[in-house]
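Let chain A serve as the given structure and place chain B on it in line with the hints.
Going down the list, the protein sequences come from chains A and B. Position one of the first sequence corresponds to residue 1 (the numbering used here), numbered consecutively onward. Position one of the second sequence corresponds to residue 1001 (the numbering used here), numbered consecutively onward.
No wet-lab data here; the hints were simulated from the structure. The beta carbon of each residue, even a glycine, is placed where N, CA and C say it ideally should be. Mixed in with the good hints, there may be bad ones.
Residues from chain A that keep clear of chain B, each with C-beta distances beyond 12 angstroms, as calculated [to be verified]:
{"no.": "1", "residue": "A2"}
{"no.": "2", "residue": "G24"}
{"no.": "3", "residue": "F27"}
{"no.": "4", "residue": "L38"}
{"no.": "5", "residue": "L102"}
{"no.": "6", "residue": "R103"}
{"no.": "7", "residue": "T108"}
{"no.": "8", "residue": "G109"}
Result set (DSSO-like, lysine-lysine): computed pairs, CA atoms no more than 27 angstroms apart in a straight line [claimed, not checked]:
{"no.": "9", "chain 1": "A", "residue 1": "K30", "chain 2": "B", "residue 2": "K1389"}
{"no.": "10", "chain 1": "A", "residue 1": "K59", "chain 2": "B", "residue 2": "K1160"}
{"no.": "11", "chain 1": "A", "residue 1": "K76", "chain 2": "B", "residue 2": "K1160"}
{"no.": "12", "chain 1": "A", "residue 1": "K49", "chain 2": "B", "residue 2": "K1186"}
{"no.": "13", "chain 1": "B", "residue 1": "K1274", "chain 2": "B", "residue 2": "K1089"}
{"no.": "14", "chain 1": "B", "residue 1": "K1002", "chain 2": "B", "residue 2": "K1081"}
{"no.": "15", "chain 1": "A", "residue 1": "K88", "chain 2": "B", "residue 2": "K1089"}
{"no.": "16", "chain 1": "B", "residue 1": "K1186", "chain 2": "B", "residue 2": "K1160"}
{"no.": "17", "chain 1": "B", "residue 1": "K1389", "chain 2": "A", "residue 2": "K16"}
Okay, the calculated bits of chain A under chain B, using three or more residues with CB under 8 angstroms as the criterion [stated by the list, open to error]:
{"no.": "18", "stretch": "44 to 57"}
{"no.": "19", "stretch": "65 to 74"}
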Amino acid sequence: MAKRGLTCTVCPLGCKIEVEMSDGTIFNVKGNVCDRGLSYAKEECTSPKRVLTTLVRVKGGILPITSVKTTKPIPKELVREAQATLSKISIEAPVEVGDLVLRNVLNTGADVVVTRHTPRPSERSLAQY
Amino acid sequence: MKERFADVIVIGGGPSGMAAASYCRKEGVGAVLLVEREGALGGILPQCIHPGFGLLELNEDLTGPEFADRLEGQVHDLGVKVLLDRFTKKLGYEGDRGISVECISPSGLEVLKAPCLIYSTGCRERHAFEIGIVGDRPSGVFTAGTAQSLMDIYGLLPGKEIVVVGSGDVGLIMSRRFAIEGAHVKAVVEILPYSGGLTRNIAQCLEDFEIPLLLSHAVLEIRGRRRVESAVIIEVDGKQAPISGTEREIKCDTVVVAAGLVPEVGLLEKAGAKIDPATGGPVVNEFLETSLPGVFACGNVLVVNDLVDHAVEQGRLCAGSVKSTLDGSLRRPTSWKRSVPGEGTRFVIPHLISGERDTTFYTRVRTPMEDCRLLLKELSKEVRITGAKPSEMIRLSLKGELLSKVRADLTFEVQS
Chain A
1 MAKRGLTCTV CPLGCKIEVE MSDGTIFNVK GNVCDRGLSY AKEECTSPKR VLTTLVRVKG
61 GILPITSVKT TKPIPKELVR EAQATLSKIS IEAPVEVGDL VLRNVLNTGA DVVVTRHTPR
121 PSERSLAQY
Chain B
1001 MKERFADVIV IGGGPSGMAA ASYCRKEGVG AVLLVEREGA LGGILPQCIH PGFGLLELNE
1061 DLTGPEFADR LEGQVHDLGV KVLLDRFTKK LGYEGDRGIS VECISPSGLE VLKAPCLIYS
1121 TGCRERHAFE IGIVGDRPSG VFTAGTAQSL MDIYGLLPGK EIVVVGSGDV GLIMSRRFAI
1181 EGAHVKAVVE ILPYSGGLTR NIAQCLEDFE IPLLLSHAVL EIRGRRRVES AVIIEVDGKQ
1241 APISGTEREI KCDTVVVAAG LVPEVGLLEK AGAKIDPATG GPVVNEFLET SLPGVFACGN
1301 VLVVNDLVDH AVEQGRLCAG SVKSTLDGSL RRPTSWKRSV PGEGTRFVIP HLISGERDTT
1361 FYTRVRTPME DCRLLLKELS KEVRITGAKP SEMIRLSLKG ELLSKVRADL TFEVQS
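So that you can see chain A by itself, here it is in the shape it has in the complex:
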């Protein structure tokens, strides 16, 4: 039986979790203090996922880019491809937090949304003051 040491990334506690598995089947998980840690460990050992945060271009905004995120974790091996897809996207200002950028990125079931509002230059005074 193989043992795999993990650091839980669900919260800042960073529990050290030990997973015993064999042929892709999990037999035992220990070291986690909560259930979220348990599901993290199971998922991390079978199909690891990550939330991707990156940037997209914005036309006509006070800044040339804004920040975006996937609405849920996507398979780890698709992170780079998803970033490459998003790096080619350009959206129109003004954008607000939560605006949809891309639905169902790479068929992962996750959407991509804006995380930083970017007004047009003329709207800046209204937005900021």
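Same frame as chain A, now just chain B:
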């Protein structure tokens, strides 16, 4: 010269300042002025586009800009008066006659006056010369925050082949951001024998992208004519002294320095506030009041926090203290008791306690320790900690009932 009057002035519109200002309004404080140097609120948050913010305060996992957006919404909804593009140049402390802040605004000099002040100016970054990196001075050497702002605010990738100096959270998170955006992070160089970041960040920032972490290594020299061409690194011994013969050169076009933060206490110190050499921030009592009565401090200028949630919590506490100062209900004891670091800990915040009120303490261990216990010997109290690291702040709330048993000092010791 324009004069403005308020009940409280908050200097610094980052997370703790925004929280302090809006909670002041929630507590019923009349005129709240929030003064910010930049053209927008948010402090460092808008450029921290990664998730992990708000887990404790909001029970949600937000990115930095989203968390800032929430706080900014409260600032505006609760009627805080926001003054952007203000560079504060002088803090005048006139005791009972109140506090004056001189600032340079886009339309000239302004003087702000109030009976109370909350100081939430955050930190600046330690740069290459402060950590003894010598050599050429080509372009391509950035502090982590500058690189982050270039990349994540302005959309400019600072370099393609990057060496990161320092493995605190900032260094780790920036390494991941560079990797995601297509740069090659050749190494993260850490002078200590352990990483200065949260455990989860080592896992999700370095291991995910196969970025090597070189512990007990230092950057000796940066080489390059116009642009950085390489960094010379060297192994160090237990006393951080370079071991000669272990030098090696890493080809790179960019060196990013993530070597820690220094509280921006300048104006506060000049106004006469006492500074704690261990934190670099002001000495405060349980109201987060500095040695200048009526002047409070929160966020990273008080103590470098690893979680924004703690900075917000400190802002909220300051707001409560301002409210009770203004309505006359703030009761300072005739003599303060001291909370002091003991064996194994580096500092304790707050520094002074009355022993009458419930108080939340923050401390950090000096070196990483596996299973250990936090010992408050004057109270014969012990708290078990599973794995303490200097990078992970220990937060402990104690009841006034228990604290009333403290006679003079309350010592925070951590033993294995």
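* Check each numbered hint against the structure and report the violated ones by number, ascending. => The structure breaks only hint 15.
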